[in-house]
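Q: Given the sequences, and given the hints that come with them, work out the whole structure.
Those protein sequence lines, which keep their order, are chains Z and S.
Position one of the first sequence corresponds to residue 85 (our numbering), numbered consecutively onward.
Position one of the second sequence corresponds to residue 17 (our numbering), numbered consecutively onward.
Hints are computed from structural coordinates only; laboratory data are not their basis.
Errors might be hidden in some of the hints.
Once the Cα atoms are required to be at most 30 Å apart in a straight line, the calculated BS3-like pairs of lysine-lysine come out as [as the list claims (entries may be wrong)]:
| hint | chain 1 | residue 1 | chain 2 | residue 2 |
| --- | --- | --- | --- | --- |
| 1 | Z | LYS369 | Z | LYS412 |
| 2 | S | LYS330 | Z | LYS412 |
| 3 | S | LYS330 | Z | LYS369 |
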Amino acid sequence: MDQPASSSAAPATPPPLGEHLRSPELRAAMLVQQEALQGARDYLRGQGFTELLPPLVGPVTDPGGRGAKALDVDYYGHPYKLMTSAILYKQASLRGFPRLFYIAPNVRVEPEETATTGRHLVEFHQIDVEIADAGREEAQEIAAGLLTHVTEHVWTTVPEILTGLGRTEADFADVRAGKYDVRTHDEAVARLLSLGHAQNPDGEIDWTGERILSLESDRPFFVDDYPKGSRGFYDREDPDRPGVLRNFDLIAPHGYGELVSGSEREADYATLVTRMRESGENPAKYAWYLKEAREGIPSSAGFGMGLQRLVRFLTGFDALWQVSAYPKLPGVVTP
Amino acid sequence: MTTTLPAAAEAPDDSAPSVRPVPPAAAVPPAASAPLTDPVPTEAPAPSGLRAPGFPEEQVRARARTGSAAVFPDPAAYGAHLFGPAAAHGGDALDRTRIVPPVFMPERLEKLIDLAREPEFGDVDLTAGVGGFTARLPLYLSAFGSTRAGSGDLAVHASRQAARLGIPMVIGENMVPVHGYRKAGDASRSALRARVEAYLEAAPDGVGGVVVQQSTEDADSEVWNLLYSDPAFRPLLESGRLAFELKTGQGAKPGLGGMTVVGRAEGEQLARRFTVREVFGEDAPRLLRCATPGTFTEEILRQQLRFMRNNFPKARTWVKFHPGRDIGQAARTAWAAGADAVTVDGAEGGTGWAPGVFLDHVGLPLAECLRRIGRPDGCLLATGGVWEGGRAVRALALGATAVGLGRAALVAVDEDPEHGLERLVEALALELRLLISALGKYAPAALTPDDLWDPAQGAVPC
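A: Here you go:
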């Protein structure tokens, strides 16, 4: 009952937009979303963070991975990108704003096969956090604190909406009590292989694998130490363990899957250039960012929490499109 | 139109440092003993009557007249000539080995038992697993690069025929940056898509495949990302017949990136993304566009391959190397990182534009590349001067799973756009069957270095 039902429970694609916008389900989701945003801002500002508004386009964006690509924009004759994430800008902002966050709109042209995961939208938002001079553990504490606080806030302010959607307070006991598990990527891979799922040990946990692990867990858990090659060049490599990144995901229980991706960041100029080459990127594209790095970007850690994924976890809807007012599913052409 | 292939007949004597043979240029005084092969039309005789017999006088004079233009083949031949090193007399080290059938043939006995009759050359099964695809022959169509010769109708004809033959096809790097993809809609996508569509229309089910290269410079326009979600490529992806090839170099100019000759207007347009040089003279109508080769270390290669596999899980992962002196280590690194195929371009390879000094003086010959790789840990593909069965069998015996046809394929389709490549391959395949069966073997994978005798070694390795 707490689990998102199989994809058959909700239609795979949204109804026509007008109909969707008039639906009581969307209204309930939006009321939860605005409380989630309120709770997130309260928490982060209480922790000394400053909210900035993120850029929308730039000469480069987060190169990402998993086959998602950026949309092109013709910017006065220059090829610009819509932000897939503003990670590079977060790092560049740290000298002025050592603790900062965005509620950032992002656009990622995800591969069409992700349309049916229930966890992907082309347009989505992140609660995007960066902390100067912090390590992974501090970023994880903030991420866990944020999820706990938002959950508490929503259950305090709109409990009737959640119960009306079939949610029970018991489902969130561990989250509200701040109980989180931690495992490594290696352990997650070993678990999946033991269950007969052919997880690639060098890559991200795939969608199916992530769902399997999420379904068999009753509390949220971090997955640490993804291998190099599975993530962007800005995730810092562990100096003591070459090939292992000082990064993490936070996975929600009961099948809701990944809510957060984060890491310690690489700030060393020469390492950044080398890591760009390792991910097949042309450093020349990143001139403005590398200039900042050369002049000195503070070391940092940070993360992005998917807003729609957070709201889906809170409301228990099957699919991400049900918690977006203007959903765009991968490969589906909609207004 | 005709495409001229610098062949032995028109190649210079190889005793002197030479650059490309060119279409007959203006007559030159025959004083110098060095062959008169400079690409730059020579006009005036020496003004003073000074002569330097035994010295490459004309080349020096040409450089004195035209400077950096003399480093390159005649730009007027760009797009109409296929470039490669001058064929050495008697072939290269690979061609100098002899194919040596034994007397006793236990594998023939196995085949005899299998067939219950004497095997014959028609019993050789040429089917090969090539970089994750199934190929009907141990062959593939090499990349033609972005030169005009390799990107027009000829390439489309070659694609269609490669598909009918059931062999994979590699589409060269720089197709997208040079010929465009998204700008200007359909017209600009056509260079690449025309080849893919021609291939898809003609390919039998379940065999062949399309391989798209990307080099460091292309990463700017994210070729693979674009193609991976392009509906035109979906049939290839769904049938497991799409591969991406990371191009780290090429045989024609090891250590350098791609080079093309462009008109002045186009060059000025490209100057924002590429190095564009006025090597042909300040007022010349043409400019040289250079891409960078990219920087690789063992770790960069390993991680790039891993990144490709993670980002494009439904596509096969190929990697192409220039004939570098550490080719053995490079190939092993690539296989260990999960590459489905490693392509080695011998210094004999390449159809693209290259400075003469690179064509004739730089890089390991294919035979030495294969020797340094030794027994491959995975699928090894070899290119460089292959057009007939003898050289193909030699490369297969030295470890290659399949061999690429580059210049030979373009010339064949130039001769007959409808069936030229098919006929060339028909002849090559017959020679393969004859040679492999003569060695008492019935599949290309059964060939070993024992099947060759290297006169330089003096003895059959055993």
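Q: List in ascending order the numbers of the hints, as given earlier, that are violated by the structure.
A: none
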